[in-house]
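S.K.: With the sequences and hints as input, model every part of the structure.
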Amino acid sequence: MAKYLLKRIFYLLLTLFIVITVTFFLMKLLPGTPLQNQQKLSPAQQHLILKQYGLTKPVWQQYLIYVGGVFQGNFGTSFQFSDQPVSYLISSRIGPSLLLGIQAMILGVIPGILVGALGAIKKNTWVDTTTTIVSILGISIPSFVLAVLLQYFVGLKLHLLPIADWGGFAYTVLPTIALAASPFADTARFTRTEMVDVLNSDYIELATAKGLSKWGVIYHHALRNSLIPVVTIIGPLAVNIMTGSMVIENIFSIPGIGEQFVKSILTNDYPTIMAVTIVYSVMLMVVLLITDIVYGIIDPRIRISGKSN
Amino acid sequence: MQSNETILAVNHLKINFNTYAGKVKAIRDVSFDLKKGETLAIVGESGSGKTVTTRSIMGMLANNAVVDGGNIQFHDKDVLKMSERELENLRGAQIAQIFQDPMTSLDPTMRIGRQIAEPLMIHKGVKKEKAMAQALEMMKLVGITDAENRINDYPHQFSGGMRQRIVIAIALINYPEILIADEPTTALDVTIQAQILNLMRELQDKISTSIIFITHDLGVVAGMADRVAVMYAGKIVEYGTVDEIFYNPKHPYTWGLLSSMPTLDTNSAELASIPGTPPDLLDPPKGDAFAPRNPYALKIDTEQEPPFFKVSDTHYAATWLLHPDAPKVTPPDQIIKRQEKFAEMQKAALAKAQHHQIEEEEEQQ
Numbered sequence: 001m002a003k004y005l006l007k008r009i010f011y012l013l014l015t016l017f018i019v020i021t022v023t024f025f026l027m028k029l030l031p032g033t034p035l036q037n038q039q040k041l042s043p044a045q046q047h048l049i050l051k052q053y054g055l056t057k058p059v060w061q062q063y064l065i066y067v068g069g070v071f072q073g074n075f076g077t078s079f080q081f082s083d084q085p086v087s088y089l090i091s092s093r094i095g096p097s098l099l100l101g102i103q104a105m106i107l108g109v110i111p112g113i114l115v116g117a118l119g120a121i122k123k124n125t126w127v128d129t130t131t132t133i134v135s136i137l138g139i140s141i142p143s144f145v146l147a148v149l150l151q152y153f154v155g156l157k158l159h160l161l162p163i164a165d166w167g168g169f170a171y172t173v174l175p176t177i178a179l180a181a182s183p184f185a186d187t188a189r190f191t192r193t194e195m196v197d198v199l200n201s202d203y204i205e206l207a208t209a210k211g212l213s214k215w216g217v218i219y220h221h222a223l224r225n226s227l228i229p230v231v232t233i234i235g236p237l238a239v240n241i242m243t244g245s246m247v248i249e250n251i252f253s254i255p256g257i258g259e260q261f262v263k264s265i266l267t268n269d270y271p272t273i274m275a276v277t278i279v280y281s282v283m284l285m286v287v288l289l290i291t292d293i294v295y296g297i298i299d300p301r302i303r304i305s306g307k308s309n
Numbered sequence: 001m002q003s004n005e006t007i008l009a010v011n012h013l014k015i016n017f018n019t020y021a022g023k024v025k026a027i028r029d030v031s032f033d034l035k036k037g038e039t040l041a042i043v044g045e046s047g048s049g050k051t052v053t054t055r056s057i058m059g060m061l062a063n064n065a066v067v068d069g070g071n072i073q074f075h076d077k078d079v080l081k082m083s084e085r086e087l088e089n090l091r092g093a094q095i096a097q098i099f100q101d102p103m104t105s106l107d108p109t110m111r112i113g114r115q116i117a118e119p120l121m122i123h124k125g126v127k128k129e130k131a132m133a134q135a136l137e138m139m140k141l142v143g144i145t146d147a148e149n150r151i152n153d154y155p156h157q158f159s160g161g162m163r164q165r166i167v168i169a170i171a172l173i174n175y176p177e178i179l180i181a182d183e184p185t186t187a188l189d190v191t192i193q194a195q196i197l198n199l200m201r202e203l204q205d206k207i208s209t210s211i212i213f214i215t216h217d218l219g220v221v222a223g224m225a226d227r228v229a230v231m232y233a234g235k236i237v238e239y240g241t242v243d244e245i246f247y248n249p250k251h252p253y254t255w256g257l258l259s260s261m262p263t264l265d266t267n268s269a270e271l272a273s274i275p276g277t278p279p280d281l282l283d284p285p286k287g288d289a290f291a292p293r294n295p296y297a298l299k300i301d302t303e304q305e306p307p308f309f310k311v312s313d314t315h316y317a318a319t320w321l322l323h324p325d326a327p328k329v330t331p332p333d334q335i336i337k338r339q340e341k342f343a344e345m346q347k348a349a350l351a352k353a354q355h356h357q358i359e360e361e362e363e364q365q
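If you read the sequences in order, they're chains A and B. For reference, each letter of the first sequence is one residue, going 1 to 309 in UniProt numbering. For reference, each letter of the second sequence is one residue, going 1 to 365 in UniProt numbering.
Keep in mind the hints are simulated off the structure, nothing from the lab. Nothing false has been slipped in among the hints.
Which chain A residues stay away from chain B? Per the calculated CB distances, all over 12 Å, these:
1) ARG8
2) THR21
3) MET27
4) PRO31
5) ASN74
6) SER82
7) ILE90
8) LEU99
9) ILE136
10) LEU149
11) THR243
12) ASN250
13) ILE251
Here are the simulated DSBU-like pairs of lysine-lysine, each with C-alpha atoms no more than 30 Å apart in a straight line:
14) A/LYS57 - A/LYS28
15) B/LYS206 - B/LYS140
16) B/LYS328 - B/LYS299
17) A/LYS214 - B/LYS77
18) B/LYS81 - B/LYS23
19) A/LYS122 - B/LYS81
20) A/LYS214 - B/LYS128
21) A/LYS214 - B/LYS130
22) B/LYS310 - B/LYS337
23) B/LYS77 - B/LYS206
24) A/LYS122 - B/LYS14
25) B/LYS14 - A/LYS214
26) A/LYS51 - A/LYS40
27) B/LYS81 - A/LYS214
28) B/LYS310 - B/LYS328
29) A/LYS123 - B/LYS14
30) B/LYS14 - B/LYS81
31) B/LYS127 - A/LYS214
32) B/LYS286 - B/LYS310
33) B/LYS23 - A/LYS123
34) B/LYS14 - B/LYS286
35) B/LYS140 - B/LYS124
36) B/LYS352 - B/LYS36
37) A/LYS214 - B/LYS23
38) B/LYS35 - B/LYS347
39) B/LYS36 - B/LYS347
40) B/LYS81 - A/LYS123
Note that the structure is a prediction, hence the values are computed from the model and not measured. Each residue gets a CB set at the ideal place from its N, CA and C atoms; glycine is no exception.
M.R.: Shown next as structure tokens:
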């Protein structure tokens with residue numbers, strides 16, 4: 001297991017390095033400069049500032065300097081916010097994003113599994129139809145549309161929850177729901193399909209023939225086996241939530257890194273773009289690593305340390 | 001081990017399936033009984049209703065199945081009228097089942113010891129540790145080598161034959177009165193088949209259970225069964241002791257089945273087969289369902305269903321050929337050979353009985 005983990009972490013670092021390289025050069029292809037909104041400056045002044053940030057050097061030199069910095073934990077300073085180190089910028093903003101992401105993941109996946117399982121168990125009844133309609137709605141309504149609808153009805157009309165801004169749990173509810181809708185729907189649909197398959201399998205028949213009750217069969221045999229494939233979609237769901245957060249954080253004016261990311265792209269704030277990309281990549285790769293480990297725990301057939309015969 | 005005590009009686013069972021296409025009449029008036037300690041084989045083609053019959057005994061019919069009549073008597077109770085709760089208490093305790101494909105009938109994510117112990121824990125409320133100890137005993141009994149070290153393994157760590165032994169262990173752990181074996185060797189290769197069949201015979205002696213053995217393979221039946229029921233298109237067409245069915249078959253369908261089984265004295269180059277396909281049970285034909293495929297069919301076969309004609313006290317066949325007015329037909333060569341052998345067997349049995357009688361008389365004197 002330790003060997004496997006080390007190997008995975010090595011690959012993780014390698015992937016991260018490739019992500020940094022690709023993003024760096026792609027970013028350089030972005031039109032404009034960080035000073036494009038500062039038309040009042042004369043060309044000479046602009047050149048002076050660019051030189052101060054090292055942006056007049058050849059791109060490959062800038063790349064080497066940047067990578068060298070990253071290895072020492074130095075992500076540069078933001079162009080946008082006067083001389084704030086990017087690492088500070090991100091660490092002060094990652095809290096709300098992580099909180100929203102984790103809440104959305106929990107709110108999406110756990111009810112998704114329950115609703116999906118229920119749909120499969122009550123297959124071809126009104127329960128199944130209702131859960132299917134709900135999950136189709138969840139998949140087909142984009143998160144930003146749902147966000148605006150929630151703001152309008154729950155916030156503006158019913159005055160139940162704040163429409164936007166950040167400060168306490170009440171402010172997280174609407175953005176979490178908006179973010180969780182699509183993962184919830186995906187999980188529910190996926191779980192239903194898997195559960196229907198598993199409930200038709202021979203070992204469920206054998207479990208019934210053992211004399212287990214319907215719910216005993218589901219609890220002891222069906223649930224675990226239908227959750228194995230569901231674990232694999234947690235990675236893609238995390239991506240879903242991360243990209244969704246960029247839009248949602250903007251709609252709800254949440255001071256998170258998603259909102260920061262959009263701002264930094266609009267202003268060509270190179271160090272911030274790079275740093276946020278790295279943060280997103282690391283989060284995603286850690287989620288994938290965790291799902292692979294969890295997968296091994298719940299499915300004995302792919303356990304790594306196993307003595308194989 | 002055999003006795004005359006009937007422990008299960010299926011009477012005039014009729015089961016339909018509601019499908020989009022209409023009502024499929026899967027079981028059309030099936031009756032048989034099972035004696036304590038005996039092995040009853042139910043033989044027939046796929047779709048003849050063998051599996052549906054056993055599923056109804058377990059109370060495990062699909063949701064679209066409708067019982068159209070009849071009853072299944074088990075210890076003075078009708079299985080078909082039992083509540084879900086009663087059925088749960090029945091399954092795995094008094095009636096257990098072995099399934100066709102051992103590769104898919106074990107839960108892939110549960111340790112096998114736990115899977116074997118589960119019926120004990122459900123039905124007898126045995127605590128986990130004690131149940132696991134009994135599971136270990138059962139594993140040894142069904143011939144799993146190195147059972148102590150393998151009790152915590154998962155199904156994928158076992159071969160097909162070993163997995164079927166595990167399935168048997170699960171079925172037998174509560175010493176059921178009836179074991180239903182639904183094509184238990186079909187998915188296994190031939191050498192393993194023989195091992196599993198031997199194991200089942202051994203265990204039947206040890207725990208004195210009755211077996212309903214479902215198969216389409218007559219070769220397997222010969223060594224396993226005490227009695228045989230031949231099913232065709234949702235009906236039993238002939239039943240009798242294993243010798244009567246093998247050596248003195250009366251129904252043309254049984255003739256066809258036996259002729260299409262290779263034997264050591266088969267010398268023709270081509271194996272016989274039954275022409276045509278089984279009828280569509282959405283709309284079963286009038287009269288004898290086998291008539292369209294039956295080279296010996298009479299006119300009456302297409303008009304009226306044949307009743308059971310008695311051949312001996314234990315042997316009945318549903319074919320108009322047994323009617324006193326029916327024309328005499330010559331069965332296929334192979335069947336004639338079998339019947340000759342049967343005559344010899346009966347003569348030998350008779351001679352032995354007479355000899356026995358004479359001896360007894362001598363002793364009395």
